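Participant: Single-letter residue listing:
Number of protein chains: 2
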Amino acid sequence: MKRKPNIAVVGATGVVGSTFLKVLEERDFPYENLYLMASARSAGKTINFRCKDYVVEELNEHSFDKPIDIALFSAGGSTSAKYAPIAAEHGVIVVDNSSQWRMDENVPLVVPEVNPDDIAWNNGIIANPNCSTIQAMVALKPLQDKYGIKRVVYSTYQAVSGSGMKGINDLKNGLAGNNEELQAYAHPIAGNCLPHIDVFMDNGYTKEEMKMINETHKILGDDDIKVTATTVRVPVFDSHSESINIELEKPFEIEDVMELFRNAPGVVLQDDVENNVYPLALDAAGTDEVYIGRIRRDFSVENGLNIWVVADNIRKGAATNAIQIAEKLLETMPD
Amino acid sequence: MKRKPNIAVVGATGVVGSTFLKVLEERDFPYENLYLMASARSAGKTINFRCKDYVVEELNEHSFDKPIDIALFSAGGSTSAKYAPIAAEHGVIVVDNSSQWRMDENVPLVVPEVNPDDIAWNNGIIANPNCSTIQAMVALKPLQDKYGIKRVVYSTYQAVSGSGMKGINDLKNGLAGNNEELQAYAHPIAGNCLPHIDVFMDNGYTKEEMKMINETHKILGDDDIKVTATTVRVPVFDSHSESINIELEKPFEIEDVMELFRNAPGVVLQDDVENNVYPLALDAAGTDEVYIGRIRRDFSVENGLNIWVVADNIRKGAATNAIQIAEKLLETMPD
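If you're matching them up, the sequences are chains A and B in order. By the numbering used here, the letter at position 212 of the first sequence is numbered 341, and the numbering carries on one by one without gaps. By the numbering used here, the letter at position 136 of the second sequence is numbered 265, and the numbering carries on one by one without gaps.
The hints are all genuine.
Since the list can't tell identical chains apart, any single copy or any two copies may satisfy a pair.
In silico SDA-like cross-links for lysine to any residue, where the CA-CA straight-line distance does not exceed 20 Å:
# : residue 1 : residue 2
1 : 336       : 404
2 : 275       : 432
3 : 355       : 380
4 : 336       : 426
5 : 355       : 280
6 : 336       : 402
The hints are simulated quantities; they were obtained by calculation from the structure and are not laboratory data. These numbers come from a predicted model, not from an experiment.
With the rest of the complex left out, here is chain A:
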């Protein structure tokens, strides 16, 4: 589109919402009007963005009566369930960060480096994948294209910022010696690893684990890929790390895999173990790329590969990915 779009950020006061604003500014995302929206609890707050004060509006059924082109939602599943369809009915395209619409077959689930073409068949809602899935997809897609993927075993090391301010508070308070009033977690997170992200399902998996399994199938467009996952919260503020064990369909050479990642979109190869270079949560924090390293053959299975993948879960895992989707949208939207 040639004119500048009108943008809404829904959930503007949350951890992801405020990162939406940061990333919009950094990427110089074009907009004519910007509307910041949140629940009644946060409405009325003033946010200064690019030297202009914005009063946060209360999200309600009339929020989308005004002309808005793209709404970036990060306000939780139930808010998305109610308001994303209202926005879509008003002609807004919603890029939704909640899990509400991800597995809906009428909603594309998009990582722009991986399946940008799926944006085209949206019906007013495009889902942003789960944070831990996004970074894995950026790593797996080049492997899928070149070698085919037979099976994936995920073990994750996820940051507390994925639980929003409550998660950050639980770790801050825990590190200060207060584990009494937990806001986000069932157990203390400071000095601990919690194999429990989101709720437990009847099959013994957490919802986070099932998200990784199901979203991998949808984004890579192949339900035949075998996937299992163990998702774990660790006492890290920012960036998710992932140990990914992969069985490829075809034989490979490690040097070719290195070269593949060296040239893959959105990827930074960090693999020079002699010099202690490998992806690290602290290094990834505040950046938009997916870092891949510890690339080595898994000798325990035919065409086996181990990799270590790190990304900022709030940026590439949420805000940046959503805004990259919005950037792709702009290319195709009518004037």
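Following the hints, complete the assembly by docking chain B onto the known chain A.
Facilitator: Only chain B this time, still in chain A's reference frame:
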């Protein structure tokens, strides 16, 4: 043996060494004389143990001239390389916590719940396995016996105490905002996950990862088990956690696996996800058991199983396991 043995603790001032003393006391390990030994740097210190002062002796070539039955070594690989054979020549049985002798075919590598019979063929040195291996073995042995194990994928979440006081200091200092003078690690550990434990090998694996692979084969007595590992240091003071993905040879029912672990030696089953019960590093710290939970079928492969295994790396992963070996020794030693 009917008389009480003479015991030496070598490396008595280290993290594992001081835990040797704690565990000896807790388990009321019988001894006639106790000798505490350490390098020249720590020799001369006084340690009060069970209301008696012991002066730490400098370890040297004459340390084992006196009658000692069992020496618990935790003084690093090069010290073990030099002094364990000297001790053994003097008729001492060394239980060695370093990696020096573990893969030596003349040295048994023992987890008492798993392969106690290997103690019998010792030639004066018995190796204590790597901390991350020990807890995995306690979990895998019952599965091996009942179903057979085809393949194992380890991803670990390891505590800084595994690096001794230097690791503990790096995390303490990092949490206090000082990441400048790292003692143990190549990168800050506070707020970070380091996919780097021990040195890197030519094949891209760390020595820690190769230890898990090779020691699994030796302890389970089956080189045909396929094993791969990614070992990661996390900002946790005590207890290692492990995500273990397993392919069993035979079909299984989850309830049978639960029952198996409920009755397995050294294991505490903690698997009641509806009530947020699963193994946790903070809960395992200070205890001698191996905790197993998050037991669920891996639908991505035939006879696949995911489990989460946690144990205190300094106790069951080092000191307790060594003392359990010493307890087994006592049963078989001549008077």
